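Novice: Protein sequence lines, in the order shown, are assigned to chains Y and U. Residue 1 is where the first sequence starts when you use the numbering used here, and the numbers rise one by one after that. Residue 307 is where the second sequence starts when you use the numbering used here, and the numbers rise one by one after that.
Calculated directly from the structure, the hints in this document are not laboratory data. Note that this is a predicted model, so its numbers are computed, not measured. Please note that a few of the clues may not be correct.
Not close to chain Y: a few residues of chain U, all C-beta gaps over 10 angstroms, as computed [claimed, not checked]:
| no. | residue |
| --- | --- |
| 1 | Pro331 |
| 2 | Ser360 |
| 3 | Ile390 |
| 4 | Tyr391 |
| 5 | Gly417 |
| 6 | Pro451 |
| 7 | Ser454 |
| 8 | Phe456 |
The following residues of chain U were derived to be distant from chain Y, with all beta-carbon distances above 12 angstroms [unchecked claim]:
| no. | residue |
| --- | --- |
| 9 | Leu327 |
| 10 | Phe403 |
| 11 | Ile448 |
From the structure, some residues in chain U lie toward chain Y, with a derived Cβ separation under 8 angstroms [claimed, not checked]:
| no. | residue |
| --- | --- |
| 12 | Phe396 |
| 13 | Ala449 |
| 14 | Leu452 |
| 15 | Arg461 |
Ideal Cβ placement from N, Cα and C applies to all residues, glycine included.
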Amino acid sequence: MAEHAQRSFTTPAPGLRFLILGGLSLVLLIADQRSDYLDSVRKAIGAAVYPLRVAVDTPVSLWRWVGESTASRNELVLELSRLRTEKLITQARLMRYAALEAENARLRAMLGARERVRERVQVAEIMSVSTNPFRHVMVVDKGTRDGAFEGQAIIDADGVVGQVIEAGLLSSQAMLISDPDHALPVQVNRSGVRTIAVGTGEHDRLDLPFLPNNADIHEGDLLVTSGLGGAFPPGYPVGTVRSVIRVPQNPFAEVSATPAASLGQIREVMLIWPGENEPGDDAAAAEAPGPADAPPESAADTTADE
Amino acid sequence: MSSERQARLPVLLCIVAALLLAIVPLPEWASPFRPDWVLLTLIYWSIAVPRRYSVGTAWVLGIVLDIAYGTLLGQHALALAFVIYLTVKFHLQLRVFPLSQMTATVLVLLGLYRFILFWINGVAGIYPELVIYWGPVAAGTIAWPLLSLFFGGLRYRVAD
């Protein structure tokens, strides 16, 4: 065999090798599609790809660093004053929010419902974004070392961004809500109608394909997470309804929405650890039956039925 | 062919550069037209030095691409390995092709590569839009003449 390989100087018998490796690829493909046996393999190779990602990311962050460090004093002063104003405004809003939160807690206590658990949040930076236009996947710089886990919800300042689909050691892959494979349980904030928002492959559009023609939904309605899927905590803004087309002979209305987060432009996102303070809280709330003790989702549900 | 004496380092650098270009973020309008740099690089070097850069290299790089893109494991590996198998099998004919004919061949190879990816996606239940899917084929074909001139220069400098 070795002699043969040496003699055939220019033809290194690629056919056999292709057959073996091609077969191996098929096995990998099927295993990867059908199950999650290969997750550890992915993680191991993912760690090996990490330097590549860093290399790709370095020029960008270097450029930003240069830009920030060479900004003139004047610009910095301007930005500082702008930020001060912004901080004031935000604080004012926050004060109102705190008052509302206190009121909410009081009302909830009156209803006998549990106070909604606070979530722990950590800021993560996006390292790269999938180059494939049909898979909206990005890589963030937090991995299992930072506590990230599969199925973890990701938001930014404006709304829901996506969820972690693969937590590596140092970085994780996250699927955006605009990915065609992504579906997100949402609720219309005004009427409480629950449905599913499905990604379309476009960064600025989500579809709501499962709403009946008579559903209470209008253009401009705010969609929030319903929390029913389990992955996303309830109450985060997802988007606003862009168009509602009702065709009488079709069972479902054609509804599309604009995501609240500008999915094509974000650089920093936030990872959420729901119920980090009290791990058993969610389960306890779900187990407790009875209308008085209903978790927030069911409370909204009754509104929808009215 | 003085393939045995050829230095490995420049080619490895080319491959690493191709991988970097393959995962560097592009603006949204440009990303459908990103050429398949890894495949183009592998086509050139597997024709030039088929004993060293062949199906095995292609497969390993394909796995790396699968991880980097987050696609099904083995998808890019299978497509790359198959296309490189064809180029290695016909490398003697391909070597004597003039640039115009070689560019046309590269068009076919890139199309085949995309078709395999497309087909695997289809079997797995992912249906992408066709038009944008073939953007890399066009971009890659346009990039080929420049790339092969660049690699050619590199190759003879290295061989000296």
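Novice: Of the hints stated earlier, which fail here?
Specialist: Result: hints 1, 2, 3, 4, 9, 12, 13, 14 and 15 break, sorted rising.
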